[in-house]
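Dock chain one against chain two, each of which comes alone in its own frame, and use the hints as you go.
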Amino acid sequence: MAETTEVFHAKTQKRKEETQTLHPLVELTLMRVREFLREKEAVFWVFIFPVLMTFALGIAFRNTAPDKTLVAIEAGDAKATEIANVLSRSPEISASVLSPDQAAQALRSGKVSIVVKSTNDAFDYRFDPTRPESRSARLLVDDVLQRGKGRTDVVSVGDEKVTEPGARYVDFLVPGLIGMNLMGSGLWGLGFTVVIARSRKLLKRFAATPMRRSHYLLSFMLSRLIFLVLEVAAVIVFAWLVFGFTVRGSWLSVTMMIMLGGFTFSGIGLLVAARPTTIEGVSGLMNFIMLPMWLLSGTFFSSERFPQVLQPFIQALPLTALNNILRALMNEGTSLSTSWLSIAILLFWCVVSFVVALKIFKWQ
Amino acid sequence: MSTQTSTATARAVALRCSGLVKRFADVTAVNGLDLEVFAGECFGLLGPNGAGKTTTVEILEGLTPSDEGTVELLGRHWTSGDNRALRERIGVQLQETQLAEKVTVEETVRLFRSFYRRGHNVEEVIHTVALEEKRNARVGKLSGGQKQRLAVACALVSDPELLFLDEPTTGLDPQARLSLWDIVEKFRAGGGTILLTTHYMEEAARLCDRVAIMDHGKMIALGTPAELIASLGADQIIEFSVTRELADDPVKRLPAVSHLHKRGDVYALTVSEIGVALPALLAEIERQQSELVTLTTHQATLEDVFVSLTGRMLRDG
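First to last, the sequence lines map onto chains F and D.
Note that the numbering used here has the first sequence beginning at 1, numbered continuously upward.
Note that the numbering used here has the second sequence beginning at 1, numbered continuously upward.
No wet-lab data here; the hints were simulated from the structure.
Quick reminder that beta carbons are idealized off the backbone N, C-alpha and C, glycines included.
Incorrect hints may appear among the rest.
If we take Cβ atoms under 8 Å as the criterion, some of the chain D residues that face chain F in the derived model are [said to hold, decoys possible]:
| # | residue |
| --- | --- |
| 1 | 17 |
| 2 | 61 |
| 3 | 84 |
| 4 | 92 |
| 5 | 96 |
| 6 | 98 |
| 7 | 102 |
| 8 | 103 |
| 9 | 110 |
| 10 | 112 |
| 11 | 115 |
| 12 | 254 |
| 13 | 258 |
| 14 | 260 |
Here are the simulated DMTMM-like cross-link-like pairs (lysine to aspartate or glutamate), alpha carbons at most 20 Å apart as the crow flies [claimed, not checked]:
| # | chain 1 | residue 1 | chain 2 | residue 2 |
| --- | --- | --- | --- | --- |
| 15 | D | 141 | D | 72 |
| 16 | D | 134 | F | 35 |
| 17 | F | 79 | F | 143 |
| 18 | F | 201 | D | 36 |
| 19 | D | 218 | D | 36 |
| 20 | F | 201 | D | 72 |
| 21 | D | 102 | F | 35 |
| 22 | F | 149 | F | 41 |
| 23 | F | 362 | D | 67 |
| 24 | D | 218 | D | 123 |
| 25 | F | 40 | D | 101 |
| 26 | F | 201 | D | 107 |
The shape of chain D in the complex, shown without the other chains (with noise of 0.2 Å):
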């Protein structure tokens, strides 16, 4: 939590939770979490399946109790009363959510039109998330990445000021998954706020101006995608293998490198300036009387971050 922007305290706070402590039966699926959402950002939870994300923005939205911790959202608290006036102002799109799939596309966005009281029209909205042609399609006939719009469209309907999206492109083909930025930056260009998990590196690294990575319940790093990826000291990813195995220790004093992670047969090395440590790395693997098989290098993303903080893919889960 040392990347801290220094910008934060200065600018209005749409979401705040502190201490949030999340139980359930055999698991701690929340473990103490403070979040804070700016007005206006679009902000990413980052993190492999059962990292808690889900409960986190369920807990948030309002629709699970927590343990412990509070929760404040455009300045009020969910109460166990009545809990309306809250809700007309944000937006939720749910994982897991299955639209009824006898209905249309329009029937569907009028449904939920009609629960706010405030709100864009029906037209807008389906333009807004590119589905006029399908306005008279039944749900249960739509594209996976055509659905996710339309879930997207009934969190859009009521002209919320935060909205919530859990995992928007999970499943969705590139082009779904394209489409579905574009809805979501127009929304954050036109002054709205974003709460946003995902566990794709470059929806969080394209989408979010700050992104908290969580892992187990808890949050182990929060910053703007390149505060995250500069705090690895290093802005290259060298991955390779080897014919036989290396001595790590010779490996890791290399110079410009900052790190050596082993994954199976494949070693990733961070460094910092690749023109100096790929040479040195060659060498080393001549001296140690071993080969390259594969060698690749790319910019560090988040996923790197996050591999160098916790020793696992993103992906794995």
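Looking at chain F on its own, in the form it has when it is part of the complex (with noise of 0.2 Å):
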């Protein structure tokens, strides 16, 4: 064989040594960056999307001044005027004389939350009680209709009125939509990209370089981290904007556990992809793992309101507990120490899913 090297060595000798392109690491990071801005659909869906997302929710849940009371008067003798002119004295009511199938037909509906019968000198109200705005309107109502007889208050009181941004829906929704965010974006992002390179064997092309193979893995990483700034920051600055959301706790343990929680996903998205060969088949597992997720782990609803039973399930999914550590930093200010639980079980699922994945991850 000696002398199948000499010749081989010559030629090697040859080659020339260049240093025009960049790092592989960047080259690769700069490709999956390309390939993300130039796909304007998954443009939309990282960033359009969640910001459309918080100001449609936002906007049906906003916490302005609760809007007046809808009442519907039952029209049957000259007292229903009467009755609707008392109400409407108060402020808060909007009262409206009403035929009673109309009047039925507008509870029914909710158009309005409670229906006032006069009959003699007496008041019947009509509403459900399993409506909390009907219930309050029964109250409201009420006081109204008594003070209008004659009732007088037997203590004094005062109101004191607090509307503080932090408490408000739109506050606990910004951290849940970042959640779920980096949740998608990151199951997607890599679980897709992968799989698609997989199928069309750019993955078994790359295997026959020399690229490091941690440089191509690492790069998904680099690149998320790149574009999870960028759609944070979007619905952060629009939550800001338009509706006040301010971040109490420290930015810099924002930042930390966005990328932690950012990285957890980019893992379990790498884990997704690590054995299918087609899109059908990567679609289907990331269904199965995004949707308990959605369900239960406390996006729009507090992940408490459900049955005790299932809360070591739901306290334990990586989507919980970034939603926790994000609202416990967002809404309440606490230190990270508080978290410490949390960001854990996100650790745990971090490690575990890279480990695994990189252990079973088929290049062809």
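Here's what the structure looks like:
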């Protein structure tokens, strides 16, 4: 074989030494970034959609001064108009006189919270006690009517009205949306890209070069990091401008936890993408993993509303952990140490998914 | 394997495998294959689809482990550990790779270049494969031939000593095929070694110094294209069809005829001297009271070698 080696050695020396390309990790990351930015739909789902969602939900559940309580008075005798006048004197009530049929219809469809009917000198209240707004309407209407008839307060009371940013629904929502978004972009971003590359034999082609496999996988982490900053900033800045959303805890802690969340879901994305060779295969797997977290992890309402039996399972989910950490930091402004359990859960998922993913990852 | 070239022993070997076996669940894709590719030659693996060419190449490239047998390329072996040093020295084009569509030609070449410590500069390679005008075009917008040239550019960018091309021209139009052949010939002229698989006999005949014909995971013939064709003992093929079926034996015994092969109603006669065989054939057809419907003759090709070895056409698979 001596002869062989010599021949090749001579050729090797002839090769040019060049440094015109960047480090492979940088080139791979650039590739990720380019591919993402040139995919218009992906840009929409990652950046625009969460902002739209924040806007829509923030508006739908905004805590402005509560709307007037809508009351229907069943038209019967001349008293109906009189009652309407009494009720309308209260700034919190909007009353209207309707025919019995219309009134029943309005109550059924939620256009009014309560129907008042006068018979002789008494009042009948018709309302649905399972609807919170109907119950408060019952109290309000009763109070106004009783006072109209001359009832007086026995003790004097004073109201102190407090509406604080940080306790509104939108404040609860924003950390949840950020968490959900990190999960979605981590799983889709990694899962799809890797499986597409595998199904198009691009992974195999890379495996035939001296590329370090760790560089390939790391490039996903780095590009995710770049987009993560942008996608989270988009939601926070938007919520700040439109709803006056504020982050109470330290920005450093928030940044660190968002990165941890981003890496954890990238790891899970990598794990999901470790084997499947078709898009259909990976889509099913991703839905299987994401669906329970969408439902249970408390993005739109607190996960503590689910039954006690489910709690250990729910609390162990990475998205629940991330949402809890982000809410504690953003809404309550607590320090990281109070969230140690959630952080530990997230770290566990992060490490386990990466280790397992790297172990079972298939290049072809 | 009687057609081994006599000069073989004196030359440096770039790639050698012996006793290669690869089984999949229901099929033995490679069934005891021995190959030697000399430094500086273009070696062709010719065979129908499913002959085991791609599996063989991927084993040689260190992408698929073999069940049995040894592979040695550029004086080294694939190991279970770090093969990066060896990968630095080879260039690979895979049959089915589809490069990312959203990135440009130049970005793609630049990415592949970054994986290698040494190699050509990016502009050079783009020039070599004649894609200068498309350098800023996205891969998704390229034609089939341009995509294939880009795939070859990615294989050439490391200035490899050994280049693997797996069916580089399959599905390309004749023009695109010619321009790819140019690239391969240039690489070969620069002293590079090539292992090429194809099921186009004219491609093997034009590009390859030596050809191994594969069928069902085995090598059934080896030699230069000229040697293989000469092994037919004939240089012309007469193909004809007739109105009424002929008795085979008298036809086989005609002068200068070495082989008769029938496919459907087309007869193919392998003949050494067409001037002798043709009049005799026409007389025989008349004697058997049949009439000629079609008749063509051509120089024997590698396709005819394959047909005479297997009874099938290359394209039949």
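Hints versus structure:
{"no.": "1", "hint": "17", "verdict": "violated (15 Å)"}
{"no.": "2", "hint": "61", "verdict": "holds (6 Å)"}
{"no.": "3", "hint": "84", "verdict": "holds (4 Å)"}
{"no.": "4", "hint": "92", "verdict": "holds (4 Å)"}
{"no.": "5", "hint": "96", "verdict": "holds (5 Å)"}
{"no.": "6", "hint": "98", "verdict": "holds (4 Å)"}
{"no.": "7", "hint": "102", "verdict": "holds (4 Å)"}
{"no.": "8", "hint": "103", "verdict": "holds (6 Å)"}
{"no.": "9", "hint": "110", "verdict": "holds (5 Å)"}
{"no.": "10", "hint": "112", "verdict": "holds (7 Å)"}
{"no.": "11", "hint": "115", "verdict": "holds (4 Å)"}
{"no.": "12", "hint": "254", "verdict": "violated (50 Å)"}
{"no.": "13", "hint": "258", "verdict": "violated (40 Å)"}
{"no.": "14", "hint": "260", "verdict": "violated (43 Å)"}
{"no.": "15", "hint": "D/141 / D/72", "verdict": "violated (39 Å)"}
{"no.": "16", "hint": "D/134 / F/35", "verdict": "holds (18 Å)"}
{"no.": "17", "hint": "F/79 / F/143", "verdict": "holds (18 Å)"}
{"no.": "18", "hint": "F/201 / D/36", "verdict": "violated (28 Å)"}
{"no.": "19", "hint": "D/218 / D/36", "verdict": "holds (14 Å)"}
{"no.": "20", "hint": "F/201 / D/72", "verdict": "violated (25 Å)"}
{"no.": "21", "hint": "D/102 / F/35", "verdict": "holds (6 Å)"}
{"no.": "22", "hint": "F/149 / F/41", "verdict": "violated (63 Å)"}
{"no.": "23", "hint": "F/362 / D/67", "verdict": "holds (19 Å)"}
{"no.": "24", "hint": "D/218 / D/123", "verdict": "violated (41 Å)"}
{"no.": "25", "hint": "F/40 / D/101", "verdict": "holds (14 Å)"}
{"no.": "26", "hint": "F/201 / D/107", "verdict": "holds (19 Å)"}
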